[in-house]
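Asks: Sequential numbering from 1 applies to the sequence shown in our numbering.
None of these hints come from the bench; they were simulated from the model. Note that the Cβ used here is the ideal one computed from N, Cα and C, for glycine as well. Honestly, I wouldn't trust all of these hints.
[Claimed, not checked] Quick list of the computed label-pair ranges, beta carbon to beta carbon:
hint	residue 1	residue 2	range
1	ASN554	ASN355	30 to 40 angstroms
2	PRO231	SER77	34 to 44 angstroms
3	GLY353	ARG502	20 to 30 angstroms
4	ALA369	SER114	45 to 55 angstroms
5	ALA312	GLU451	27 to 37 angstroms
6	LYS287	ASP510	42 to 52 angstroms
7	GLY520	ASP288	24 to 34 angstroms
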Amino acid sequence: MQEYAIGLDYGTNSCRSVLMEINSSDELFSEIYNYPSGSQGVLISDADPNIARQSPADYLNGMEHIIKSVINQAKESIADFSPAQIIGLTCATTGSTVIPVDAQLTALGLKDSSNLDAQTWLWKDHSSYKEAELITQKAKELRPQYLERCGGTYSSEWFWSKILHLKNVAPETFEKAYSFIELCDYLPAILAGKEKPEEIKASICAAGHKAMYADQWGGLPDEEFLAAVDPALVKVRQKLYKKAHASDQLAGRVGAEWAQRTGLAEGTAIAVGAFDAHMGAVGSGIKDGSLVKIVGTSTCDLMISPKDQSIAGVCGVAKDSVLPGYMGIEAGQSAVGDLFLWLVNNFVTSEYGSNRDEIFANITKRAAALNVGQSGLLSLDWNNGNRTVLIDSQLSGLLIGQTLHTKAHEIYRSLIEATGFGALKIIERLEDSGVEVKEVVCCGGLAQKNELMMQIYANIFNRPVRIAGTEQTCAVGAAIFAASAAGKDLNELQKSMLKPCRKEYLPQKDDVRIYSKLYGLYSQVHDGFGVEGNPCDFYSLMKELIDIQKASKNA
Numbered sequence: 001m002q003e004y005a006i007g008l009d010y011g012t013n014s015c016r017s018v019l020m021e022i023n024s025s026d027e028l029f030s031e032i033y034n035y036p037s038g039s040q041g042v043l044i045s046d047a048d049p050n051i052a053r054q055s056p057a058d059y060l061n062g063m064e065h066i067i068k069s070v071i072n073q074a075k076e077s078i079a080d081f082s083p084a085q086i087i088g089l090t091c092a093t094t095g096s097t098v099i100p101v102d103a104q105l106t107a108l109g110l111k112d113s114s115n116l117d118a119q120t121w122l123w124k125d126h127s128s129y130k131e132a133e134l135i136t137q138k139a140k141e142l143r144p145q146y147l148e149r150c151g152g153t154y155s156s157e158w159f160w161s162k163i164l165h166l167k168n169v170a171p172e173t174f175e176k177a178y179s180f181i182e183l184c185d186y187l188p189a190i191l192a193g194k195e196k197p198e199e200i201k202a203s204i205c206a207a208g209h210k211a212m213y214a215d216q217w218g219g220l221p222d223e224e225f226l227a228a229v230d231p232a233l234v235k236v237r238q239k240l241y242k243k244a245h246a247s248d249q250l251a252g253r254v255g256a257e258w259a260q261r262t263g264l265a266e267g268t269a270i271a272v273g274a275f276d277a278h279m280g281a282v283g284s285g286i287k288d289g290s291l292v293k294i295v296g297t298s299t300c301d302l303m304i305s306p307k308d309q310s311i312a313g314v315c316g317v318a319k320d321s322v323l324p325g326y327m328g329i330e331a332g333q334s335a336v337g338d339l340f341l342w343l344v345n346n347f348v349t350s351e352y353g354s355n356r357d358e359i360f361a362n363i364t365k366r367a368a369a370l371n372v373g374q375s376g377l378l379s380l381d382w383n384n385g386n387r388t389v390l391i392d393s394q395l396s397g398l399l400i401g402q403t404l405h406t407k408a409h410e411i412y413r414s415l416i417e418a419t420g421f422g423a424l425k426i427i428e429r430l431e432d433s434g435v436e437v438k439e440v441v442c443c444g445g446l447a448q449k450n451e452l453m454m455q456i457y458a459n460i461f462n463r464p465v466r467i468a469g470t471e472q473t474c475a476v477g478a479a480i481f482a483a484s485a486a487g488k489d490l491n492e493l494q495k496s497m498l499k500p501c502r503k504e505y506l507p508q509k510d511d512v513r514i515y516s517k518l519y520g521l522y523s524q525v526h527d528g529f530g531v532e533g534n535p536c537d538f539y540s541l542m543k544e545l546i547d548i549q550k551a552s553k554n555a
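Build the full structure now, drawing on both the sequences and the hints.
Replies: So, in structure tokens, the structure goes:
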């Protein structure tokens, strides 16, 4: 009897499912659900641009829809198909995406949909930057080893910062919350019919990268440290998990309610969830020496290493967070696809098209016709702060070199280049720390669709850039772990359920040379605005950009 697994991928704007055969790379059926709440699924506030929340109802309605849909598709297309043939499922989600819940594991946002603070705190919510600074300061004073695991700085995007900010700005909502759950832990628990926060099986991926969890100090940060940050966090810790688990482990089995709602067989295995990027790295075929870039609204960079080491400026190093038996190394950029969307939504004129798809097609075509350096522009890609290597949400974007003749497609190309330069900063930091980057594999929607961007990356990195064999790497990674938790061998699943890379972009010698010059200028601006006390002199920078522009036009 043929067996199947389902992978769920919860992104920033939508969730999707993929149903796969076990030991086959065929993605048989898929479904997508766009979150209906807010602006493209994100609840925002005019009072604070740092706020980014989501409705937990969107997650649950989406989960019912995308699971039920692929099961119905299978029933219609496969003779004698039975949901009992689905041996496992799990989810890949954004993170740190934190849900306040009551003692019965009900999300507070389901009970009070009008209260923005009771909703899910999405990964890109930066409103807790002051709390992140406090946590960083106290860790430097009392527990410097905690910071060694997260690149030297605790982020406003992460677990403890968000909880403390809720306590500070909405104490009544904070008091109503019995506990706080990561989205990747919440969904498996709901599927399994768990009724108490204490019953969840926590993800080592979320705990290790965002909640300062590590075996070397016994799990979560100790109560003495948390009390020094804020005594309220001690109470939070007491209701959290004691141990976190890798995604090849069983989180539970599908309960009666969600079997009825989705069509799954009751008792189907549910693997421990993880973050989308980490699952996506597995779905891209990550191995020692591979840098996997999940390129979407933001980017997340993943590597694995058999060695336990600390790397300054990266988002985190956590055991078993990507593949069991390896240290998972995470870095990333806070805005990539969002950066391009911001430009198109706010500054692009009708000459580029009448709808978004047409605009992106035309602006990309015109940007591709430019020589390297021809625009005379240089940008910083910090419109949503800098995640790596500066770990500073209180930075903003910058565009240098515009004139009265600057066009939107020139700005667009400069923004692509800025994300490439930011990515090269990450590669250099990894290699300076002794982690060799042998290959770069890109996945996600932009990697599949934007050939200009991938060629620019290959030229900036001066190394080949390969494109993952599937567009659904996160869901495929989740399906692989789902089958593993159901008892299948993880190594064999990786060999049989992954498609080979579909394309490779090679560096172009002449463009590499010019990008090397531009990267030198980018580095000056990067350090001048991002590194405290850096003595940068920008006097000649614009003139150098103009010289590069003239040479490019003459070429």
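Asks: A separate judgement is required for each hint: does it hold in the structure or not?
Replies: Hint check:
1. ASN554 x ASN355: 30 to 40 angstroms: Taking Cβ atoms as reference, ASN554 and ASN355 lie about 37 angstroms apart, which means the hint holds.
2. PRO231 x SER77: 34 to 44 angstroms: At roughly 57 angstroms between Cβ atoms, SER77 and PRO231 fall outside 34 to 44 angstroms, so the hint is violated.
3. GLY353 x ARG502: 20 to 30 angstroms: holds (27 angstroms)
4. ALA369 x SER114: 45 to 55 angstroms: holds (49 angstroms)
5. ALA312 x GLU451: 27 to 37 angstroms: holds (34 angstroms)
6. LYS287 x ASP510: 42 to 52 angstroms: 32 angstroms Cβ-Cβ, so the 42 to 52 angstroms window is violated.
7. GLY520 x ASP288: 24 to 34 angstroms: holds (31 angstroms)
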